[in-house]
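Chains as they are written, first to last, in this note's numbering: chain A, 1 to 263; chain B, 264 to 380; chain C, 381 to 733.
Hints are computed from structural coordinates only; laboratory data are not their basis.
Careful, some of the hints might be misleading.
[Claimed, not checked] With a straight-line Cα cutoff of 20 Å, these simulated SDA-like cross-link-like pairs (lysine to any residue) come out: (1) B:K370 with C:R711; (2) B:K370 with C:V717; (3) B:K373 with C:R685; (4) A:K204 with C:K407; (5) B:K370 with C:Q509; (6) C:K709 with B:R292; (7) C:K655 with C:L715; (8) C:K407 with A:L225.
[To be verified] Just the calculated beta-carbon pair ranges, DEER-fashion: (9) C:D688 with B:S322: 14 to 24 Å; (10) A:D238 with C:S668: 48 to 58 Å; (11) B:S322 with C:S668: 45 to 55 Å; (12) C:P475 with A:K120: 19 to 29 Å; (13) B:V276 with C:E690: 15 to 25 Å; (14) B:I325 with C:E690: 53 to 63 Å.
Quick reminder that beta carbons are idealized off the backbone N, C-alpha and C, glycines included.
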Amino acid sequence: MTIRSNMIILKPQMDPDTDIGGRLHRFPVTSHSAIVAARSDDLEVRQRAFETILTSYWKPAYKYIRLKWQASNEEAKDLTQGFFAIAIEKNYFARFDPTKASFQTYLRTCLDGFVANQKKSEQRLKRGGGTNTFALDFESAEEELNRHRVSDGITPDQYFYREWVRGLFTLAVEALRRSYDEKGRSVHFKLFEAYDLRDEQVTKLTYADLAREFSLNSIEVNNYLAAARRDFRRIVLDKLRETTGTEEEFQREARALLGIKIK
Amino acid sequence: MSKPLIGILLGAVLGAFDGLTAWFTPAVRDQLAGIVVSSTFKGIIAGIAIGFFARKFHSLPIGILFGLAVGAFLAYLTARFAVGGYYFEIMLPGSMVGLIVGFATQKYGKAPAVAHG
Amino acid sequence: MRWLSDNTIEHLRSITDDPDFSATKYKVVKEIARGGMGTVYLAEDIELGRQIAIKVLNTPELDSGLARRMVREAKIIARLEHPGIVPVHDVGTLPDGRVFYAMKFVRGSRLDEYAAQVDSIKDRLRKFQAVCDAVAFAHAHGVVHRDLKPQNIMIGSFGEVLVLDWGVAKLLPAASSEADTLILPGTNCDVRTDKPIDTAHGTVIGTPRYMSPEQSLGEVEQLDERSDIYSLGAVLYFLLTRQAPIERKTAGATGQSATTVSIQRPRELNSKISKAAEAICLKAMARSAADRYPSAVEMSADIGRLLDAEPVSAYRENTVERIGRWLGKNRFLVLLVLAYLLMRIFFILTAKR
Chain A
1 MTIRSNMIIL KPQMDPDTDI GGRLHRFPVT SHSAIVAARS DDLEVRQRAF
51 ETILTSYWKP AYKYIRLKWQ ASNEEAKDLT QGFFAIAIEK NYFARFDPTK
101 ASFQTYLRTC LDGFVANQKK SEQRLKRGGG TNTFALDFES AEEELNRHRV
151 SDGITPDQYF YREWVRGLFT LAVEALRRSY DEKGRSVHFK LFEAYDLRDE
201 QVTKLTYADL AREFSLNSIE VNNYLAAARR DFRRIVLDKL RETTGTEEEF
251 QREARALLGI KIK
Chain B
264 MSKPLIGILL GAVLGAFDGL TAWFTPAVRD QLAGIVVSST FKGIIAGIAI
314 GFFARKFHSL PIGILFGLAV GAFLAYLTAR FAVGGYYFEI MLPGSMVGLI
364 VGFATQKYGK APAVAHG
Chain C
381 MRWLSDNTIE HLRSITDDPD FSATKYKVVK EIARGGMGTV YLAEDIELGR
431 QIAIKVLNTP ELDSGLARRM VREAKIIARL EHPGIVPVHD VGTLPDGRVF
481 YAMKFVRGSR LDEYAAQVDS IKDRLRKFQA VCDAVAFAHA HGVVHRDLKP
531 QNIMIGSFGE VLVLDWGVAK LLPAASSEAD TLILPGTNCD VRTDKPIDTA
581 HGTVIGTPRY MSPEQSLGEV EQLDERSDIY SLGAVLYFLL TRQAPIERKT
631 AGATGQSATT VSIQRPRELN SKISKAAEAI CLKAMARSAA DRYPSAVEMS
681 ADIGRLLDAE PVSAYRENTV ERIGRWLGKN RFLVLLVLAY LLMRIFFILT
731 AKR
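Next comes chain A alone, as it looks inside the complex (with noise of 0.2 Å):
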């Protein structure tokens, strides 16, 4: 299969003009849901929300098909564009029923059937000679492959999962920052920085530390922190509503996301 020429070229939600606020206004008022605006009759609307979902789930993609699949980085590179490619093409995510299972679920279950088919068939994923037709950073996914291990005993439904919360929380984090930024409000967001984001291999500061650290007493860092977790859990739901069909499937996934241990 080769990709077509005149596909339209997406580009994952990397770019800072296309914050979480400017997303949801151009979605249509009905919804929120990246998943809805993929049957959307409007040409613009439907290339958000496949930008949207592939920003999401891209990553995920990619780093499942290396581990389930044993496939190598330029394999895994081709599979997950041409699965993105193709799933965009023929409009996968407009066939979505909510009431059957999860997106996520559905998902990785075409993804699942597309990579078979591809190692059955006879034609094979023809590379476009070099291109990265969603310019994806699989430079940067495969990094964090080498650079963290796999930890044993989780199935590769539940890494798939896992890396999707994480590039979820990620792009979160992101978003946090760039509004913080816009509101002159950098210091909040460098207080979660360093209290909530910070590496559990280093010692964990406390509030008076952070007190002393960005010249503010207790009561403020307190405040400041309550509203950056404020904001990031409504970035986190919001970007979660964009990656849910209904709002059953939306409030199932925010009980699943927050505060229940996954592998």
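Based on the hints, put chains B and C in the right spot on chain A.
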């Protein structure tokens, strides 16, 4: 049913029964009618006393002890004036009857309503 | 972009779910339970210095059915002031938009845990009678619980009985009013609590083993107090047998296609259960609502009679059983009279010798 009434009825029944068992003592068989009447009367007196006690004092152990004491006392008086010196044979069952009436009047029967205000 | 480690992810997941009560008089101590609609936390009322339980809606949709349902739940419980119904102290909205309500924190064990620890059937029946009384009170105020089960009943550390989780309760038509509105604190959102969160026909609400046949068929319009009576019967079944009711399907006789569904009799599981207790249980769990107790008051009265060794309305005794019950109820008196008779017989026999 009030507690004194329970005492009277139970005392009378047990007293009568107590009296009737005198038939098994040939020496006093010919006085059976009198024994039954006096025994029944004794039971009624015991029942009244124990019943009114239960009306006033609500305590199962004390009610039983009071019944035992009343039964024993009345049985003693009977044995004192009876012919033959059947103290043990009269006092023990008599005390037991008092005990039973004491228990029954404490456990059953309507206590008087407590006046308010 | 910054790479987030697994531990950081877990930390973020837990802190973003933590409710922010900084603008309220409550301080969260720990999470107690997590359910479909919301999460319950143990918290401290800083002003009054007491521990309370706070239920927080999982997601911050002010205009969603869930938010309305939760406020409605709080309102229903708040109007039911009874020692057997957990009192609601407060309802509000968190800064992040999540609705919450604060209620009494009950220290103790659930009824199923209690039943596992307590061997005395009489003690279990006393607790059950208290449940009936609480439910009767709710019915008298036009509220049907719809999800009665051992897991929704708490036994406090002083033996008090509390019925919890009124989240799917139904207001009977007479109890609703047009004036029933509530402005959610901190919002301009008018949450009309009787607007249709109400369940559509065909919707099944409740817990399978404890729900009435009409409830399991989704016959929402037919649900009234007698559905709760069925559930009470199922709870009684559990208390008597320590098992949830077991259904038995019997194939119809030749020529009949229908399968009869019946409940396995409690005495088949535990022969120590009295016939009267079994009869009360099975009457409450009659498949037809018309055959059940008409009210929780009557069911409670029958339980009271059972505990007092009096005849119950659900069971017709024969003479032998009546005598046996009387003897059992008055066994001490009977023993005294027997002792007296034995003594008399002894004197008679020794006198003859």
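Exercise. Holds or violated: are the alpha carbons of K370 of chain B and V717 of chain C at most 20 Å from each other?
Worked result: The hint holds at about 15 Å.
For this session: With 14 to 24 Å as the target window, see if D688 of chain C and S322 of chain B comply at their CB atoms.
Result: Holds, since D688 of chain C and S322 of chain B (Cβ atoms, about 21 Å apart) stay within the stated range.
Problem set entry | Pairwise hint evaluation, R711 of chain C against K370 of chain B, where the allowed Cα distance is 20 Å at most | Roughly 12 Å between the alpha carbons, so the hint for K370 of chain B and R711 of chain C holds.
For this session: Mind checking the alpha carbons of K204 of chain A and K407 of chain C for me, to see if they're no more than 20 Å apart?
Result: Violated, at about 23 Å.
Exercise. Can the suggested window of 15 to 25 Å be confirmed for the beta-carbon pair V276 of chain B and E690 of chain C?
Worked result: 24 Å, holds
For this session: Indicate whether the distance between the beta carbons of D238 of chain A and S668 of chain C respects the range 48 to 58 Å.
Result: 51 Å, holds
For this session: For S322 of chain B and S668 of chain C, compare the CB-CB distance with the range 45 to 55 Å and indicate the outcome.
Result: Given range 45 to 55 Å: holds, Cβ gap about 50 Å.
For this session: With respect to the beta-carbon atoms only, verify the hint that P475 of chain C and K120 of chain A lie 19 to 29 Å apart.
Result: At 54 Å between Cβs, range violated.
Exercise. Taking only the CA atoms, is the gap from K407 of chain C to L225 of chain A under or equal to 20 Å?
Worked result: This hinted pair holds, its Cα atoms lying about 16 Å apart.
Exercise. Is K655 of chain C within 20 Å of L715 of chain C, Cα to Cα?
Worked result: Given that 20 Å is the threshold and the Cα spacing comes to 25 Å, the pair is violated.
Exercise. Would the pair K373 of chain B and R685 of chain C pass a check requiring their Cα atoms to be no farther apart than 20 Å?
Worked result: 18 Å, holds
Problem set entry | Pair hint outcome, K709 of chain C versus R292 of chain B [Cα-Cα no greater than 20 Å] | 38 Å, violated
Violated hints for the displayed structure, listed by number in ascending order: 4, 5, 6, 7, 12 and 14.
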